[in-house]
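**Q** Residue numbers (the working numbering), protein chains in the order written: chain B, 1 to 230; chain L, 231 to 474.
Calculated from the structure, these hints are not laboratory results.
Where hints are given, some of them may not hold.
Derived CB-CB ranges, DEER-like [to be verified]:
hint, chain 1, residue 1, chain 2, residue 2, range
1, L, Q456, B, I191, 50 to 58 Å
2, B, P210, L, R436, 22 to 30 Å
3, L, Q456, B, V206, 54 to 62 Å
4, L, R379, B, P210, 22 to 30 Å
5, B, I191, L, V473, 48 to 56 Å
6, B, V206, L, V444, 33 to 41 Å
7, L, C435, B, V206, 25 to 33 Å
8, B, R81, L, A397, 31 to 39 Å
Which stretches of chain L does chain B cover? Using the computed rule of at least three CB atoms under 8 Å from a CB of chain B, they are [what the hints assert, rightly or not]:
hint, region
9, 301-308
10, 314-320
11, 372-379
12, 406-413
Quick caveat: nothing in here was measured; it's all calculated off a predicted structure.
We put the beta carbon where it would ideally sit given N, CA and C, even for glycine.
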Amino acid sequence: MHIAEGFLPAAHAIGWTVAAAPFVAHGARAVVREVRENPESTLLLGAAGAFTFVLSAIKLPSVTGSSSHPTGTGPGAILFRPPVMALLGTVVLLFQALLLAHGGLTTLGANAFAFAVVGPWAGYAAYRLVRAAGAGLLPAVFAGVALADLATYGTTSLQLALAFPDASTGLAGALVKFLGVFALTQVPLAIGEGLLGVLLFRVLTVNARPELERLGILRPEPAATPGGAA
Amino acid sequence: MSLAVDDAAWASAWRGRAPGDKVLLCGGLVGCALLLPAWPGSVLVVLAVVGLALGPARVPARTFARAIRWPLAFIAVGAITSVVAVSTDGIGWAPDAVERGGSLVGHALAGSAAVLLLATTTPVSDLLPALRRARVPAAVVEVASLVYRLLFVLLDSLRTIREAQAARMGHSSLRRSYRSSGVLAAAVLTRSWDRARRLQEGLACRGFDGGLRVLPEVLPSSRIFQAASVAGLGALVATSVLVR
Chain B
1 MHIAEGFLPA AHAIGWTVAA APFVAHGARA VVREVRENPE STLLLGAAGA
51 FTFVLSAIKL PSVTGSSSHP TGTGPGAILF RPPVMALLGT VVLLFQALLL
101 AHGGLTTLGA NAFAFAVVGP WAGYAAYRLV RAAGAGLLPA VFAGVALADL
151 ATYGTTSLQL ALAFPDASTG LAGALVKFLG VFALTQVPLA IGEGLLGVLL
201 FRVLTVNARP ELERLGILRP EPAATPGGAA
Chain L
231 MSLAVDDAAW ASAWRGRAPG DKVLLCGGLV GCALLLPAWP GSVLVVLAVV
281 GLALGPARVP ARTFARAIRW PLAFIAVGAI TSVVAVSTDG IGWAPDAVER
331 GGSLVGHALA GSAAVLLLAT TTPVSDLLPA LRRARVPAAV VEVASLVYRL
381 LFVLLDSLRT IREAQAARMG HSSLRRSYRS SGVLAAAVLT RSWDRARRLQ
431 EGLACRGFDG GLRVLPEVLP SSRIFQAASV AGLGALVATS VLVR
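Isolated chain L (complex conformation) (with noise of 0.2 Å):
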C-alpha cells in the first residue's frame, strides 16, 4: 500500500534535487506564510507554492489537491470558531470577524501549501539524514528510519486484513465494525512485532552491532537553485510590504 503523497514525492521532478536546496525554498515559503501580512503575502505564497508544484516540480493537480483538503477542514472549522464572539448575550460574529478569519485562513493555507510543495517533491528518507546533521542522535534517526521503512509494510497488512474482513461482513453492524477493528488493530500490532523479530534475527546473522548504516544517497547542490529560491523569496517579502 503506498501513500499518496509519498508517491508523488518520488515521481518529482524535483526528486534529483538536493534535500537542502528544497528545505531552503520550502522553509523561507512557510516562514513567509507565517510572518507577512496574509494580503498579500500569504495570497503570493500560494500562488508561488502553486505554480512551482504544478509546473517545474510536476507534482500531479489530484494528488496536490485532494492533499490540502484534510487541512483546509481544521482551518475552516478553527477559523470559524475562532471568530464567533460569545457573550452574556448570546452568540454572534467579533467585529473583525471578516478581517482576522481572512488573516488566519490566508496563514494557515499558504503554510499547510508550502509544507506540502516540500512533502511532495522530498521522500521521507531524504530528509531523515539531515536530522542527524542537525545533532539529533543516531539511534533517534535510525527509529525514524525504520518507522518509515516498516510503516508501508504494516498499511498493506492492515489493507489486506481489512478486505477480507468486508468480504466475511465484518462490518455490516456496528458491534461487528467494531470487533473487527479491534482484531485488525491486533493483527497488525502482532504482525509489526513478528517483522521486527525476523529483521532483528536476520541482522543478528550478518554481524549486527546496533547500528544500520546504509549508503545513502549524495544529491549535488545547485547554486543556481538557491540563488533563484533566495531571489524569488526576496522578491515576494519585497512585493508583500511594497503592496500593502
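Looking at chain B on its own, in the form it has when it is part of the complex (with noise of 0.2 Å):
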C-alpha cells in the first residue's frame, strides 16, 4: 500500500520528507560506520537490501482465493535492526517506484515514514518486548512482523487522513474511513507476513543458525563436551 505519485499535497509531501529525513539519515550514518569498519559489510548490506526487495515480491496466499505481497520490513528489522532498515528501506521504496511504478518520487519521504521508520521500529519494538516477556523466538517474530506491517498501514492511513480530512466529521471521520477500507487487505496480509516470517525463521534456525548467531538473534550453543556422547 504505497502512496502514489502526486496523491498528497506538495506541503504534505515536503512535510513528510523533512519527518522521515533524520531517520534515514541515522540509517545513512550507521551504514557508513559499518562499512568502514567492516569494508566486507558492503556486500552483506546489499544483499540485505535486495533480499528486502525480492521479498515483497513473494506472493502470499490469501484465504479469499487472491493473493498479496508482503511489506519486507518486519524481518528485516528483526535481522538488521531499524536504523539500517530505514535506509535500505527507503533504497527499496525507491527502487519500487523506479522498477515497479509502485509509490512516488514525491511521496518517498512519506512512504519511507511508514515504511522504513515506523513499521521496522514498531515491529523490532513488538519483538524485543515478546522476547523481554520470556518467549521464545517464533511467537516474538510473529509478533514483530505482524505489528510492523500494522504499524506501517495505520501509519499510512493517517498520512492520508490529515491531507484528505472528513467534510464534515474531520480528521477523526478520515482516519476511520482510511482505516477501514485499508483493514479489509492490510489485516490478513498483517497476520498473513507474520505467519511467513515464522516459516522463514524456522527454516532459518536450521539451515542458517551460525548468520542468526552472528546477528544476535539466537545464542551460540554451548559446546558439545568431549566424549559425552559416546
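With the hints in hand, could you dock these two chains into one complex?
**A** Structure, rendered in C-alpha cells:
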C-alpha cells in the first residue's frame, strides 16, 4: 500500500520528507560507520536490501483465494535492526518507484516514514518486548512482523487522513474511513506476513543458525562435552 | 528474471540521452502535475507524457499501460475513500465529491505517469551516480548499486524455486502454500548471504579495500533537448493558466 506519486499535496509531501529525513540520515551514518569498520559489510548490506525488495515480490496466499505481497520490512528489522532498515527500506522504496511504479518520488518521504521508519521500529519493539517477556523466538517474530505491517498501514492511513480530512467529521472521521477501507486487505496481510516470518525463521534456525548467532538473534549453542555422547 | 520497466528503460530510444536531461524534463512534469490545477494542467501532463513515451522515447505501449495499473488501483481506492463523507446520519458523498475526486485522480495520475516516463527511459544504474553528486555518502550509493545488481539474481532464484515448488504440488493447499512461501523466503535469504560472501571473497582476492569503483558511462547532455524541455514545460504552464 504505497501512496502514489502526486496523491499528497505538496506541503504534506515536503512535511513527511522532513519527518523521515533524520531517521534515514541516522541509518546512513550507521551504514557508513559499519562499512568503514568492516568493508566487507557493503556486500552483506547490498544483499539485505535486495532480499527486502525480493521478499515484497513473494506472493502471499490469502484465504479469499487472491494473493497479496508482504511489506518485507518486519523480518529485515529483526535481522538487521531498525536504523539500517530506515536506509535500506528507503532505497527499496526508491527502486519500487522506479522499477515497479509502486509509490512515487515526491511521496518517497511519506512512504519511507511509514514503511522504513515506523513499521521497522514498531515491529522491532514488539519483537524485543515479547522476547523480554520470556517468549521464544517464533512468537516474538510473529508479533514483530505482524505489528510492523499493521503500524505501516496505520501510519499510511494517518498520512492520508491528515491530507484529506472528512468534510463533516474532520481528521477522526477520515482516519476511521481510511483504516476501515485498508483493513480489508492489510489486517489479513499482517497475519499472513507474521506467519510467513515464523516459517522463514523456523527454516533459518535449522539451515542458517551460524548467521542468526552472528546477528545476535540466537545465543550460541554450548559446545558439546568431549566424549559426552560416547 | 527481468522487470518490464527496467527492460523498457534499457531498450528505450532515450537510453543514450544524459540522465540529467531526462530528470529535468520528468522532474518538471512531476512539478506541473503537483502544482498546476487538475484541469487542464494534469490532463496536459498526461497527454505530454503519453505522447513522449510512445513517440520519441519508443516505450512499448503494453509495458506503459501494465505499469500504470498499480498506482491506478491505489489512486481509485484512495480517491473514492477521500470523497465519501461519514457523519452521524450515515455514509454519503461529500458535497464537492466530483471536483475533489477528479482533482485527486488528475494530480496522482499525471504525477505517476511522469515518474513512469523517467523509469521507462532511464535505467536505475544511470540515476545512482546522481545521488553521489547530491552528496549522498559513497558507501550508501555503493550499497544501493549492489541492491540493484543483486535483486535480479535473487528474483531469478525466487522464480526458479517457486516453479520447482509448484511442480511438486507446493501450492496445492493454503497450508502447503504458506509453508512453501516460508521455505522460499528462507532459501532466497540464505542464497543472498552466500552470494554476498562469494562476492566478498572474489573481491578480497583482487585487493578489495572497501570501494567498488566502476567507470561510469558518460552520456553527453543535449542543449537542444534541454531547451525543448524548458520550452515545452513553459508552454504547458502557460496553456494551463490561460485556459483556466
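**Q** Which of the numbered hints are not met once you compare them with the structure shown?
**A** No hint contradicted; all consistent.
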